[in-house]
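Asker: Sequence:
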Amino acid sequence: MSLVAKGQYTTAGKIEYEKKLNVYAQIMEFATDDGDKEWVEQIKATTPQFKSTFFDLYFTNTKSIYKPGKDADNDTRTMGEGPAKNNTVLTDYKTRQVKAAKQVYEQKFFVQDSIRKIDWKEKDEIRTIANYKCHKAVGKICDSVYVVAFYTEDIPTGSGPEMFGGLPGMIMELAIPRLHTTWTATKVELTAPNETDFAINEKGKKVTEKELYETIQASLKDWGKWATKNIWWVVL
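Following the numbering used here, the numbering of the sequence shown begins with 23 at its first residue and continues without gaps.
These are computed hints drawn from the structure, not numbers from a lab.
Here a beta-carbon is modelled for each residue, glycine too, at the ideal position from N, C-alpha and C.
Treat each hint with caution, since some may be false.
[To be verified] Okay, derived cross-link-like pairs now, BS3-like style, lysine-lysine, Cα gap no bigger than 27 Å in a straight line:
| # | residue 1 | residue 2 |
| --- | --- | --- |
| 1 | K92 | K130 |
| 2 | K92 | K232 |
| 3 | K66 | K139 |
| 4 | K121 | K143 |
| 5 | K232 | K41 |
| 6 | K155 | K232 |
| 7 | K209 | K227 |
| 8 | K228 | K209 |
| 9 | K121 | K59 |
| 10 | K121 | K162 |
| 11 | K59 | K139 |
[As the list claims (entries may be wrong)] Listed next, with one range per pair, are the computed distances between beta-carbon atoms:
| # | residue 1 | residue 2 | range |
| --- | --- | --- | --- |
| 12 | K66 | T117 | 26 to 34 Å |
| 13 | K92 | D141 | 15 to 23 Å |
| 14 | K162 | K66 | 24 to 32 Å |
| 15 | T117 | A67 | 29 to 37 Å |
| 16 | K66 | A240 | 27 to 35 Å |
| 17 | Q239 | P190 | 16 to 24 Å |
| 18 | S166 | F52 | 29 to 37 Å |
| 19 | K92 | Q119 | 39 to 47 Å |
| 20 | K139 | T84 | 28 to 36 Å |
| 21 | K209 | I148 | 27 to 35 Å |
| 22 | T150 | T84 | 21 to 29 Å |
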């Protein structure tokens, strides 16, 4: 049995997310002159418009871990894809702490901090995702980057993809329009995770979320128009 019946609370299990990047939309933002546009058209002729990767989120009513799922060993680079694309994020709701292992180009970081607070605004829209009734909420990160989430109260763990959470239930779909990327739950398995499923590799430079932001901002200061979006990718 892999899908939940309507109205049934799910307190432990595993969710698979499909992360989908619109490659064309991402690279078109940097086509500012005719030379760039010619380069973009060449890429579009040889590259699929969308790239999908998969992640798993194991959860109980007290903790969750988000990590690369199937095909995770496929480390091919896609044009327009940002850094820190295979993060592992462990969230403990008893201690209100989060740990995240992130590879940013050649450097490993291990983030240790309190759970991120997002000022979510509830909206009226409702949709069904992976057989769960989901409510819409909108928030933002980095002061100006809007995030759209659909969460279900039928999974009361307030977690979701990457370091997102803080809603009255599990985020089943997440969209960041300015990164042209969505995360959508494709299936839910009701088998309770093992304790070993929550293991996380703690290698890397130990930082808080703020320290990570400042470090990446300083290291990319000469990247021009590429810098800002790469910073957003890293702090997800």
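Asker: All the hints need checking, so say for each whether the structure fits it.
Answerer: Cross-check of the supplied hints:
1. K92 x K130: 22 Å, holds
2. K92 x K232: Answer violated: K92 to K232 is near 31 Å, above 27 Å.
3. K66 x K139: Cα-Cα ~38 Å, so violated.
4. K121 x K143: Status holds; Cα separation ~26 Å.
5. K232 x K41: With Cα atoms ~25 Å apart, K232 and K41 stay inside 27 Å; holds.
6. K155 x K232: 34 Å, violated
7. K209 x K227: 34 Å, violated
8. K228 x K209: Violated, at about 34 Å.
9. K121 x K59: Violated - the C-alpha atoms of K59 and K121 are around 40 Å apart, more than 27 Å.
10. K121 x K162: 21 Å, holds
11. K59 x K139: Violated, at about 39 Å.
12. K66 x T117: 26 to 34 Å: 47 Å, violated
13. K92 x D141: 15 to 23 Å: Once the Cβ atoms are compared, 34 Å apart, the range 15 to 23 Å for D141 and K92 is violated.
14. K162 x K66: 24 to 32 Å: Holds - the Cβ-Cβ distance for K162 and K66, about 30 Å, lies within 24 to 32 Å.
15. T117 x A67: 29 to 37 Å: 51 Å, violated
16. K66 x A240: 27 to 35 Å: The hinted range 27 to 35 Å holds for K66 and A240, with Cβ atoms some 34 Å apart.
17. Q239 x P190: 16 to 24 Å: With Cβ atoms ~33 Å apart, the hint is violated.
18. S166 x F52: 29 to 37 Å: Since S166 and F52 have Cβ atoms about 19 Å apart, the given range 29 to 37 Å is violated.
19. K92 x Q119: 39 to 47 Å: 28 Å, violated
20. K139 x T84: 28 to 36 Å: The hinted range 28 to 36 Å is violated for K139 and T84, with Cβ atoms some 19 Å apart.
21. K209 x I148: 27 to 35 Å: 20 Å, violated
22. T150 x T84: 21 to 29 Å: 27 Å, holds
Hints 2, 3, 6, 7, 8, 9, 11, 12, 13, 15, 17, 18, 19, 20, 21 from the earlier list are contradicted by this structure; the remaining hints agree with it.
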